[in-house]
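K.L.:
With this note's numbering, letter number 24 in the sequence shown gets 140, and the count goes up by one each step, no holes.
Just so you know, the hints here were simulated from the structure itself, not pulled from any lab data. All values derive from a computational prediction rather than experimental measurement. There could be a bad hint or two in this list.
Result set (DSSO-like, lysine-lysine): computed pairs, CA atoms no more than 27 Å apart in a straight line [stated by the list, open to error]:
hint : residue 1 : residue 2
1    : K286      : K173
2    : K268      : K293
3    : K268      : K128
4    : K268      : K286
5    : K174      : K293
Computed beta-carbon distance windows for the label pairs [said to hold, decoys possible]:
hint : residue 1 : residue 2 : range
6    : H158      : K286      : 38 to 44 Å
7    : D118      : K286      : 41 to 47 Å
8    : V143      : V292      : 26 to 32 Å
Positions of the beta carbon are idealized from the N, C-alpha and C atoms, including for glycine.
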Amino acid sequence: GDWTYTVPTDYKELRPFNLPAPATQGVDNFYADEYTGTGAEHARTSYGFDVGATIVKKTNTVGDWHLIDENRGATLNMEINNGNVESTDAQGVKTFDSDGITLGTDTDYNQNTATFISYGFHLSGATGVSNSDGDITTTVDANEFGLWSNGKFTGNATAAQALGHGLGTKVAFVFVKNRDDAEAAHGWFPGMDGEY
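Take these sequences, add in the hints, and give me the full structure.
P.N.:
Set out below in structure tokens:
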């Protein structure tokens, strides 16, 4: 802007480009990858970080939203738009890589000439770590800088059980899904701060 007086030495105008960059930014933890399928195995390498989880959706037709994460295993799929149980898909996301994901030949992930979106999430870059901070021991893959965590656990049929998440701070939002319940009606249960 226009200054009436000269700015003192070693001072700057308060503007975004004059501020120091934060240690971590959104681009360091999340990436949306739009791509066209090839029908053949191929690596998507533009994420810029070690991907720990992804959500894949075909965008040119009706289809499911597929959640795949490194903590459960690359070939294990959960459809987040319904209550279906976890399933194995060896040709969906084949591997989680240091800069993206490698896709197989399944048409829900990589149909030739179809268009897709993949939302990639940076987690710890390793398979899950045992966490006994709660009543039930969990296996978590956490990104404390991105402030999200992916955990798995075996329930004990007891109400009000605390679960460790590895973030070192109170969580504000959580999704819980039974991975192996044969009743498809058991969907995703969201909760926000104050509910869980």
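K.L.:
Using the C-beta atoms of D118 and K286, is the stated range 41 to 47 Å upheld?
P.N.:
Roughly 45 Å apart at Cβ, these two residues keep to the hinted range, so it holds.
K.L.:
For a C-alpha distance cap of 27 Å, please report whether K268 and K293 respect it.
P.N.:
holds (10 Å)
K.L.:
Do the alpha carbons of K268 and K286 lie within 27 Å of each other, as the hint requires?
P.N.:
The given pair, whose Cα atoms are some 18 Å apart, holds under the 27 Å limit.
K.L.:
Look at the Cβ atoms of V143 and V292 and judge whether their distance stays inside 26 to 32 Å.
P.N.:
With Cβ atoms ~29 Å apart, the hint holds.
K.L.:
Could you grab the alpha-carbon distance between K286 and K173 and see if it respects the 27 Å cut-off?
P.N.:
Violated: K286 and K173 sit about 31 Å apart, past 27 Å.
K.L.:
Between H158 and K286, does the beta-carbon spacing fit 38 to 44 Å?
P.N.:
holds (41 Å)
K.L.:
Within a Cα-Cα threshold of 27 Å, do K174 and K293 meet the stated pairing?
P.N.:
holds (23 Å)
K.L.:
Taken at face value, is the distance from the CA of K128 to the CA of K268 at most 27 Å?
P.N.:
This hinted pair is violated, its Cα atoms lying about 48 Å apart.
The structure does not agree with the numbered hints 1 and 3 stated previously, though it agrees with the rest.
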